[in-house]
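Colleague: Using the hints provided, position chain B relative to the given structure of chain A.
Going line by line, the protein sequences match chains A and B.
Numbering of the first sequence is given in numbering that gives the first Met the number 0, commencing with residue 0 and proceeding in unit increments.
Numbering of the second sequence is given in numbering that gives the first Met the number 0, commencing with residue 0 and proceeding in unit increments.
The set of hints was computed from the structure by calculation and includes no laboratory data.
Check each hint, because a few of them may be wrong.
Pulled a few chain B residues facing chain A out of the computed Cβ check, cut under 7 Å [stated by the list, open to error]:
#1 2
#2 16
#3 17
#4 20
#5 22
#6 24
#7 32
#8 39
#9 45
#10 59
#11 63
#12 68
Chain A stretches covered by chain B per the calculated footprint, using a threshold of three residues with CB under 8 Å from any CB of chain B [what the hints assert, rightly or not]:
#13 53 to 59
#14 127 to 133
#15 163 to 175
#16 296 to 307
Note that beta-carbon positions come from the ideal geometry of N, C-alpha and C, so glycine has one too.
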Amino acid sequence: MTALPRLVVAIARTTVAAVAGAPAPLEAQAAATGVPATAIGEPNPVAMAFFFLFIAVTLGITWWAARRTRTAEQFYAAGRTVTAGQNGWALAGDYMSAASFLGIAGLVATSGFDGLIYSTGWLVGWPVVLFLIAEPLRNLGKYTFADVVAVRLRQTPVRLAAAFGTLSTITFYLIAQMVGAGTLIKLMFGLSYEVAIVIVGAAMIAYVLFGGMLATTWVQIVKAALLLGGAALLALLVLVRFGMNPLALFAAASDRLGPAVLAPGKLVSNPLDTISLGLALMFGTAGLPHILMRFYTVPDAQAARKSVFIATGLIGFFYLLTFILGFGAMVFVGPDAIRAVDKGGNMAAPLLAEFLGGTPFLGFIAAVAFATILAVVAGLTLSGAAALSHDLWTNVVRKGEAGPQAELRVARVSSLILGVVAVILGITFKGQNVAFMVGLAFAIAASANFPAIVLSIFWRRCTTAGAVASMLAGAFGALLLICLSPVIQVDVLHHAAAWFPLRNPGVVTIPGAFLVGVAISLLTRDERALASWDGAVHDMVVGRTAR
Amino acid sequence: MSSHALHIRRWRIAIALTAAVAAIYFGFILLIAYRKDVMATLLVPGLTVGILLGALVIVLSWWLTWVYVRWANRHFDAGLASLGTEDQ
Numbered sequence: 000m001t002a003l004p005r006l007v008v009a010i011a012r013t014t015v016a017a018v019a020g021a022p023a024p025l026e027a028q029a030a031a032t033g034v035p036a037t038a039i040g041e042p043n044p045v046a047m048a049f050f051f052l053f054i055a056v057t058l059g060i061t062w063w064a065a066r067r068t069r070t071a072e073q074f075y076a077a078g079r080t081v082t083a084g085q086n087g088w089a090l091a092g093d094y095m096s097a098a099s100f101l102g103i104a105g106l107v108a109t110s111g112f113d114g115l116i117y118s119t120g121w122l123v124g125w126p127v128v129l130f131l132i133a134e135p136l137r138n139l140g141k142y143t144f145a146d147v148v149a150v151r152l153r154q155t156p157v158r159l160a161a162a163f164g165t166l167s168t169i170t171f172y173l174i175a176q177m178v179g180a181g182t183l184i185k186l187m188f189g190l191s192y193e194v195a196i197v198i199v200g201a202a203m204i205a206y207v208l209f210g211g212m213l214a215t216t217w218v219q220i221v222k223a224a225l226l227l228g229g230a231a232l233l234a235l236l237v238l239v240r241f242g243m244n245p246l247a248l249f250a251a252a253s254d255r256l257g258p259a260v261l262a263p264g265k266l267v268s269n270p271l272d273t274i275s276l277g278l279a280l281m282f283g284t285a286g287l288p289h290i291l292m293r294f295y296t297v298p299d300a301q302a303a304r305k306s307v308f309i310a311t312g313l314i315g316f317f318y319l320l321t322f323i324l325g326f327g328a329m330v331f332v333g334p335d336a337i338r339a340v341d342k343g344g345n346m347a348a349p350l351l352a353e354f355l356g357g358t359p360f361l362g363f364i365a366a367v368a369f370a371t372i373l374a375v376v377a378g379l380t381l382s383g384a385a386a387l388s389h390d391l392w393t394n395v396v397r398k399g400e401a402g403p404q405a406e407l408r409v410a411r412v413s414s415l416i417l418g419v420v421a422v423i424l425g426i427t428f429k430g431q432n433v434a435f436m437v438g439l440a441f442a443i444a445a446s447a448n449f450p451a452i453v454l455s456i457f458w459r460r461c462t463t464a465g466a467v468a469s470m471l472a473g474a475f476g477a478l479l480l481i482c483l484s485p486v487i488q489v490d491v492l493h494h495a496a497a498w499f500p501l502r503n504p505g506v507v508t509i510p511g512a513f514l515v516g517v518a519i520s521l522l523t524r525d526e527r528a529l530a531s532w533d534g535a536v537h538d539m540v541v542g543r544t545a546r
Numbered sequence: 000m001s002s003h004a005l006h007i008r009r010w011r012i013a014i015a016l017t018a019a020v021a022a023i024y025f026g027f028i029l030l031i032a033y034r035k036d037v038m039a040t041l042l043v044p045g046l047t048v049g050i051l052l053g054a055l056v057i058v059l060s061w062w063l064t065w066v067y068v069r070w071a072n073r074h075f076d077a078g079l080a081s082l083g084t085e086d087q
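Isolated chain A, as found in the complex (with noise of 0.2 Å):
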């Protein structure tokens, strides 16, 4: 009986005291040269082969779904037909980017607790989603979020602030993600920048513009799979050393670098400055237009419902992970030998890999972490394009009179533009420091887009004039005080202060944009909204195709 766990405790506390005892090799041969030895940064054979592979199968995916994306309704929402296992994959892969991989996972190696703090807060979005969005988007709309906002109000004026929010959250998003592909790849494989971000443009366009919304939801699901295979064997490695005792790793961890990486440190020095990010964070995550479309491609409000609970699962999971990853690369390969080969820490993971599994396995992180790139920029890319055709050339252009033939043309055409944009973009910010994108696209979803959608769906009084204010006052609210902050003034123009004191705005924007949209909805009246509100709301539970 007891034999078993007195055999646990033993393997835990040789391998603890193997691990705090011996030197890191990684870490001592950072403090012999200054830089470990490593292979990142060098053409890994095991990787090229690893991402081809990874290529080959997704373009063949697109391929197949080419022959199946033949109307409007395939290309945005893949006909509709995805079940809610598939769609909580696709969610999952649509939301795990290579920031929370590589980020949060540097972030807890060289920080240790504080970085636990993102882990938490990029998950704490998703319950939202479910009790406040996914339902009544799915029975409400058709394509984009727009459509839900512009339900009740009046389509010109709320689709073009939608496309803005849209579009800006999009822009900033994709500036974030090309230009760490094209640092990552330059990183992992020696290509070179411009290379690498045409490689990505070219796949990700391919992937769009032939296999719509069928092959991005596929390249989610197999990047999403490719993520959590590849981060639970890595957790896997580092918890056997520590007989499957995540404790025993932590007190490793402690014993190494001081009880301190186990406790709030440095992090939190403004506690106004973490809660402000934690809400853009929460209600951000309610308002990213890619993620939100996602629940078009279900079949009804039932499914998109069990979706979000399978894709909470499955990024909470990968949350969890992080702490093992991140702990584990702090005991194994150490802050400094990881701070010596990037300076952000976002090489912990990769270098943890290498330590465990030898340059192969860094190859494998290496083409995960890649292939985890492409399938996010590939669902922003095929977002933006439907707010450019759906909202802005079928919905004001032509007032709703567009063919859906001639909308699924203009819908490859956006995709193809934006495609292009995207690798224009990653180039003019090549070597620009652009950590703060992704805080300001989920600032702006969580100002612009998550506010408008809530009032026009959850309140009878709100009108166009209301909505359309929420959504201009949360975009430029938090475009601007972004631009006030210390993200822009100290770090990017190296002021010594700036004019507000805040990283993220979303403390002011968030409830500033509910109360533009509230004070200007009483102060304008709009029959038509009122008129329609009954209608409204029974489509919204009951769906509005017929049951």
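Modeller: The following block gives chain B in isolation, referenced to the frame of chain A:
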């Protein structure tokens, strides 16, 4: 039950659960900001209150989505089904 009544029932559940998630997450953030000493308390070797609560925030968020899905599958969908029969 009318579709309006059903809408209002879901709205109440949705707001209550959103408030619960916000309370859990911002409770965690406020503890980090103002009670660092509590968060640094070691429960067993390797496990501080902070790490335990961080993991709990993730697990509880997922549990709340399960609570909602179970409620919606049982009660909302049942209300929806009875709505269909009333219409006919």
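Colleague: Run every hint past the structure and note whether it holds.
Modeller: To see whether the hints hold, each was checked on the structure:
1. 2: holds (4 Å)
2. 16: Holds: closest Cβ of chain A sits about 5 Å from residue 16(B), inside 7 Å.
3. 17: At 5 Å from the nearest chain A Cβ, residue 17(B) passes the 7 Å test, so the hint holds.
4. 20: holds (5 Å)
5. 22: It is violated, given that the least Cβ distance between residue 22(B) and chain A is near 11 Å, above 7 Å.
6. 24: Result: holds, 4 Å to nearest chain A Cβ.
7. 32: Holds, about 3 Å.
8. 39: holds (3 Å)
9. 45: The hint holds - residue 45(B) has a Cβ within 7 Å of chain A, the shortest such distance being about 3 Å.
10. 59: violated (9 Å)
11. 63: Hint on residue 63(B): holds, closest Cβ of chain A at ~5 Å, below 7 Å.
12. 68: holds (5 Å)
13. 53 to 59: violated (count 0)
14. 127 to 133: It holds, with 4 qualifying residues against the three required.
15. 163 to 175: Violated - the stretch 163 to 175 of chain A has 0 residues with a Cβ nearer than 8 Å to chain B, which falls short of three.
16. 296 to 307: Holds: 4 residues of the stretch 296 to 307 of chain A have a Cβ under 8 Å from chain B.
Hints 5, 10, 13 and 15, counting from the list given before, are not met by this structure.
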